[in-house]
Amino acid sequence: AQTVTQSQPEMSVQEAETVTLSCTYDTSESDYYLFWYKQPPSRQMILVIRQEAYKQQNATENRFSVNFQKAAKSFSLKISDSQLGDAAMYFCAYRSLGEEYGNKLVFGAGTILRVKS
Amino acid sequence: ETGVTQTPRHLVMGMTNKKSLKCEQHLGHNAMYWYKQSAKKPLELMFVYSLEERVENNSVPSRFSPECPNSSHLFLHLHTLQPEDSALYLCASSQEAYSYNSPLHFGNGTRLTVT
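Same order as they appear, the protein sequences are chains A and B.
Count along the first sequence starting at 1, add 157, and that's the number in my numbering.
Count along the second sequence starting at 1, add 4, and that's the number in my numbering.
Below, in silico cross-link-like pairs of lysine-lysine (DSSO-like), each with a Cα-Cα straight-line distance of 30 angstroms or less:
#1 273/A x 235/A
#2 45/B x 23/B
#3 230/A x 45/B
#4 235/A x 45/B
FYI, nobody ran anything at the bench for these hints, they're computed from the structure.
Quick caveat: nothing in here was measured; it's all calculated off a predicted structure.
Chain B with its partners taken away, still in its complex shape (with noise of 0.2 angstroms):
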């Protein structure tokens, strides 16, 4: 048990498919976070949500919508993806968003495949 639970693990969806990726944790954080881990690269933050309200987006495409329906659950909506955006798509939460004494923790992430 992770705390942080994360599906599909794999996903292989066509560019004009619309799928979700799941989040759930179970460790009663109030923050929750979409990074994009791609190969060789840094990870990249996508969306924070803090108490199920959006409080940042990293000029993230509108390809990708996120939804926060409690402070447990995040889902991140893809529709109409590139090939580029094939990568692993990773989950985590904290206590609080804005806090340094909290850290983050992960799921085990959903890789993405665009064909």
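If we strip away everything but chain A, and leave its shape as in the complex, we get (with noise of 0.2 angstroms):
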């Protein structure tokens, strides 16, 4: 079974600094999806970026970027220019693709981000 980890259960950034938080799974699959889900004190859950395994080019959404390590099962989430709103917990989520897995999205325990200004 495919399990994700959040190392980092809080993070700080300086308003308009830069910021990473830290994602690894385990997983036996060649093939399969991650994601950056947001979660503000609103408590919805937002998707905030995407990556499919089999691209080798990092994804980007405008202040949010990933450092994608297949070979090092890493996943990280960079957010440039912090802002305040950007103050939330952060999922990194996995995606299987595998039938044996029912394409299960499976989450990692959270980071919370403050932002300090």
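Take each chain as given, in its own frame, and dock them per the hints.
Here is the structure:
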């Protein structure tokens, strides 16, 4: 079974600076999807960015980018020019494509990001 | 308008009560999910419905009973819960249940407290 590990329970960043959130995962599959979700105090989970494992190019969405290291099974999220609205819980998630795993979405435990003004 | 609406936002219930959580999606999706979010634990998938048919039940106790009357509505019926069931219950939907090209859209959740 796949597992997703976020080793940083909490992170802080100064407004306008850059922060990187770590995520590692364990899988025996060669093809899968990876996601970062954001959960602000409103509690709604919002998709931030996603990466297809077969693509070598790192995904980017405006100020958000990932560093996908397939061999190392690492999928970190970089937030540039941090804003107060980025403060939230961030979840890394893995989606299997294999039928035996039912294409489940497996989440990490989350990282709380605090943004200081 | 989030696209996925959950009610109520907060619920406090005793262990002998019966209550229901409601989820409605306005996105025209075919799949709906219930997740449980407990403190300091990863989100746990509870149930998956695809085209109103339950396709996954992840060893959830029978005191949680889902119902999907149509593709836009999903309920979670609760009865004789335990204090450890206190958590945030999140509903989500996606275009298809098992398509990697179909991201989840979440509601705001129901914060459940069992006393």
